[in-house]
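Protein chains in written order, with my numbering: chain A, 6 to 136; chain B, 6 to 136.
Bear in mind the hints are in silico, worked out from the structure with no lab data behind them. Incorrect hints may have been included.
In this list, chains with the same sequence are indistinguishable; a pair is considered to hold if it fits within one copy or across any two.
Think about it this way: if two alpha-carbon atoms lie no more than 20 Å apart in a straight line, the pair counts; the simulated SDA-like pairs of lysine to any residue are [unchecked claim]:
no.: 1; residue 1: K19; residue 2: V120
no.: 2; residue 1: K23; residue 2: R63
no.: 3; residue 1: K33; residue 2: E123
no.: 4; residue 1: K19; residue 2: R63
no.: 5; residue 1: K33; residue 2: G122
Spelled out from the first residue to the last, the chains are:
There are 2 protein chains.
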Amino acid sequence: MYQRDGNHTMITIKFDEKGLVPVIAQDKTTKDVLMLAYANKEAVDLTRSTGYAHYYSRSRNKLWKKGEESGHLQKVHEILVDCDEDAVIYLVDQLTAACHTGYRSCFYRRLDGTVSGERMFDPDEVYKKSE
Amino acid sequence: MYQRDGNHTMITIKFDEKGLVPVIAQDKTTKDVLMLAYANKEAVDLTRSTGYAHYYSRSRNKLWKKGEESGHLQKVHEILVDCDEDAVIYLVDQLTAACHTGYRSCFYRRLDGTVSGERMFDPDEVYKKSE
């Protein structure tokens, strides 16, 4: 996954003051943008070492393996970095859907509220409520 | 560009504590992710009213029309919002290239430093140094 030919230097990602970098998850095949999330260094390192997308949840303040609850894992084929080295793309194979709402992509609505995305599952079936 | 059919409600974007929202500029045709930048409310409003991508520069602390210096404008066809309403996609027609380095996309390198993108112009020719 990370071939080195000796002529290139690993890019050092610039994490922000909270230690995070925004990550765009993009479907490797359809090129749809699936989600925007954040990663800390540990999440990027785990993504590289395991080949599966890891993020850092800002609301739960914890490292997060995408799909750990739903099973909707993201297999990461490549990591791209932008010119400023402060934003990242994970090029992924997405199992089922990226969004917890059941849509394939989190970006399933236009600004006017109309729906442009495709729903892949019923979240009530996937994220079981505790009884 | 923003048809309303009466059954949908305009989404209210959640700007962060700095008044910004991350914006992914995606090529409408190739679906390449071109750049990740930030917008404040004024930038989103101007994008909607003019049809051209506007952002807010965090380094220069000012509103910024993409291409105002280089001429590499982004005509915005659609604005998508994510499930949490705190991230946005501009679906654009990109003139020439998005990146100030001359590459079509700002995400022209892999994490290992190898180049995957295509260079479209020489930045020294486009961003003239003052003499």
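> Is it within a copy, between copies, both, or neither that the alpha carbon of K33 lies no farther than 20 Å from that of G122?
Replying inline: Both, since 17 Å and 15 Å are each at most 20 Å.
>> Treating 20 Å as the Cα threshold, decide for K19 and R63: within, between, both or neither.
In response: Answer is both: 18 Å inside a copy and 15 Å across each meet the 20 Å cutoff.
>> Please sort K23 with R63 into within, between, both or neither, judging by C-alpha distance up to 20 Å.
In response: both (10 Å within a copy, 16 Å between copies)
> Are the CA atoms of K19 and V120 at most 20 Å apart within a copy, between copies, both, or neither?
Replying inline: Cα proximity of K19 and V120: across copies only (18 Å, versus 35 Å in one copy).
> Is the C-alpha distance from K33 to E123 at most 20 Å within one copy, between copies, in both cases, or in neither?
Replying inline: both (17 Å within a copy, 18 Å between copies)
Against the hints set out earlier in the document, no violation occurs for any number.
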